[in-house]
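Input sequences plus hints: build the corresponding full structure.
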Amino acid sequence: MTDLNPADDDREPTPADIRALMADVSDLQERIRDVERRLRGSEETRHTVFRLDDAAGRMTGISEALENTASELARVRAVRDGSVCAVPWGVCPEHGNTLLSTGGRSRCTQLACPRAWNYDRLGVPCGEPLTHRVTDAAGESFLACKAHAMDATERLIGGTVTELDSKDGHRD
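Per the numbering used here, residue 908 is the first one in the sequence shown, and the count goes up by one each step.
Please keep in mind that the hints were generated in silico from the structure rather than gathered at the bench. Mixed in with the good hints, there may be bad ones.
Cβ pair distances, simulated, as ranges [as the list claims (entries may be wrong)]:
no., residue 1, residue 2, range
1, Leu-1063, Glu-974, 34 to 40 angstroms
2, Glu-1001, His-954, 53 to 59 angstroms
3, Arg-1062, Ser-933, 20 to 26 angstroms
The C-beta atom is built at its ideal place from N, Cα and C for all residues, glycine as well.
Below, the structure written as structure tokens:
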């Protein structure tokens, strides 16, 4: 099992830390399957293994939850480093502010748009590439992706939305 350093108790876990827990879960699942296999080998103990099969199966769900958490944390950390759009909600990259989220999944509500995500895209910072600068009427500005910039052009009163040049260092 993974041992966390007590000196690091206040450190924010990383996606790698969470994926290390996944490895622990996988190891535990293998150990449970091994015990189950050995108990099935005896007529006297065969009837005791049904709970072990359930327990090993639950490990798959635990691994999936850990993977989803690691992926979401990676998106949050990418936003935090300033290299991607940090607007605190996600968008459809093509249609903008058109998402619907339910049950931890999101989809674009625009007719004929096939985009869907296996996570709550509305509930996490955007994470799309930076393409525009949005400036409000007071002169305050922030960098945004194409879809958030598109939404800002429809809602912003007295401000501007300008495309970033490659010299800004924010375009590929």
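Comparing the hints with the structure gives:
no.	hint	result
1	Leu-1063 <-> Glu-974: 34 to 40 angstroms	38 angstroms, holds
2	Glu-1001 <-> His-954: 53 to 59 angstroms	56 angstroms, holds
3	Arg-1062 <-> Ser-933: 20 to 26 angstroms	47 angstroms, violated
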